[in-house]
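A.B. asks: So you can see what is in the structure, the chains are spelled out below.
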Amino acid sequence: MNELTKNKIKTIKKKIKNNTSYNFLLECMEIISNEDRFFILNLLNKKPCLLSDIEKSLNRSQPSISHHVRILESHKFIHSSKRGKFKEYSITKETFIKLLTVWNQWFQVIRSKND
Amino acid sequence: MTEIKVMIVEDELITAEAIAILLKKLNYNPIAIVSSGEEAISKIKNLNLDLVLMDIILAGTIDGIETAKIINANYNIPIIFITAYGDKKTLDRAILSEPYGYIVKPITSEDDLLPTIELAMYNHQVKNKLKKGNEKFEQIKQFIQPDKAILPSQIISPLEKENYLEQPDEDIDPMLEIEVFDEKVNLVEWLKSFSNPERFLILEILKSQPLKLDEIQMFISKSQSTSSHHIKKLEKTGFIKGLKTGKYIYYSLNKPKIMEFVHLWENWIKNLSS
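Protein sequence lines, in the order shown, are assigned to chains A and B. Take the first sequence: its position 7, counting from 1, is numbered 7 in the working numbering, and each next residue is one higher. Take the second sequence: its position 219, counting from 1, is numbered 219 in the working numbering, and each next residue is one higher.
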């Protein structure tokens, strides 16, 4: 059988860890796989919302919502615009387009290897 | 022949009961009688219906036409309107919700129901066949247009695709919260396999070859128990499977399950990026 030497493993691992697509996917998955953040993204996808709208729909405390919104905003999953005194949040489509592209690259490899 | 399950949405209980009796005489199974559109939408999910008979004037806040639109958007169930209002204006509004038929009350005998129901069931079958045919055609079209990127979900075999078609779309009206929630739990659970750096690394390395536990352990540089824990988690979601070869168990990616995930996940991203 094809022996995996320690050096070979080290090389493969290094290659994976330096792969920007892999790191981008991992980061996206980490952010989206949280139930509350996933909920917020689905909510904003229906229509742009104020923080108070999210609070009402998700039924969580304001600090907790702010925390999740901050994470989503800092990773460009969502963005805000001014609506009077308040900030209105919407989905940043470009990030999801990029995610779909990177994901497709990752998944194509599975296909070609397995077929 | 399998029994055809029918829901009657009618605010007058006596009328509904009378229709139910006629349906039974015709060997249909009227499994539910509800009086409002809201009730119809909340019950429809668990009933596995074949047909809905819908009054236009209902007890709740939404009328039969609005209810039909919501059902049409989320389920593949034929709807026939039953109403005392035979005027042109109501008919025009009703047509927009693409009903399979329109019966004007009073309904006094089986003959008032049978032709419309039979025709509706037949038309529904034809429509389903056409839809499946179109799906296949779209798939083939993607293959013969080299300039167009082929997304993995479009390469799923027609059989797998048909199975997905039976399920309501992910993209569901906000009214059907439970439906959205069901989908959400599933997808988020799966996403968690990818969100842990060790588990994602395991999936990444299994892309190129099947591996034994000790090899996986070397890759993720964790203890044997931690490695086993991650493998068990991935096996539980079904993304990987172990195959005993000689003394050892070799783990590899479980492609059908990954395909299922890919389909849900890609639809979800596409929905957010379009």
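For the record, the hints were derived by calculation from the structure and aren't laboratory data. Each residue gets a CB set at the ideal place from its N, CA and C atoms; glycine is no exception. Treat each hint with caution, since some may be false.
As a list, the in silico SDA-like pairs of lysine to any residue whose alpha-carbon atoms are at most 25 Å apart [what the hints assert, rightly or not]:
id, chain 1, residue 1, chain 2, residue 2
1, A, K15, B, Q224
2, B, K270, A, S81
3, A, K46, B, Q224
4, B, K270, A, K15
Short, incomplete list of chain B residues facing chain A, as computed with Cβ under 8 Å [claimed, not checked]:
id, residue
5, P197
6, E215
7, V262
8, L264
9, E266
10, L272
Simulated restraints, written as ranges between beta carbons of each label pair [what the hints assert, rightly or not]:
id, chain 1, residue 1, chain 2, residue 2, range
11, A, Q105, B, K127, 57 to 67 Å
12, A, K10, B, E135, 18 to 28 Å
13, A, S66, B, K127, 44 to 54 Å
14, A, K56, B, I14, 37 to 47 Å
15, B, K24, A, R83, 54 to 64 Å
16, B, S225, A, K8, 54 to 64 Å
17, A, Q105, B, I57, 46 to 56 Å
18, B, E235, A, K76, 32 to 42 Å
A.B. asks: A separate judgement is required for each hint: does it hold in the structure or not?
C.D. replies: Going through the hints against the structure:
no.	hint	in the structure
1	A/K15 to B/Q224	holds (24 Å)
2	B/K270 to A/S81	holds (23 Å)
3	A/K46 to B/Q224	violated (45 Å)
4	B/K270 to A/K15	violated (29 Å)
5	P197	holds (6 Å)
6	E215	holds (5 Å)
7	V262	holds (6 Å)
8	L264	violated (12 Å)
9	E266	holds (7 Å)
10	L272	holds (4 Å)
11	A/Q105 to B/K127: 57 to 67 Å	violated (37 Å)
12	A/K10 to B/E135: 18 to 28 Å	violated (46 Å)
13	A/S66 to B/K127: 44 to 54 Å	holds (48 Å)
14	A/K56 to B/I14: 37 to 47 Å	holds (41 Å)
15	B/K24 to A/R83: 54 to 64 Å	holds (56 Å)
16	B/S225 to A/K8: 54 to 64 Å	violated (25 Å)
17	A/Q105 to B/I57: 46 to 56 Å	holds (55 Å)
18	B/E235 to A/K76: 32 to 42 Å	holds (34 Å)
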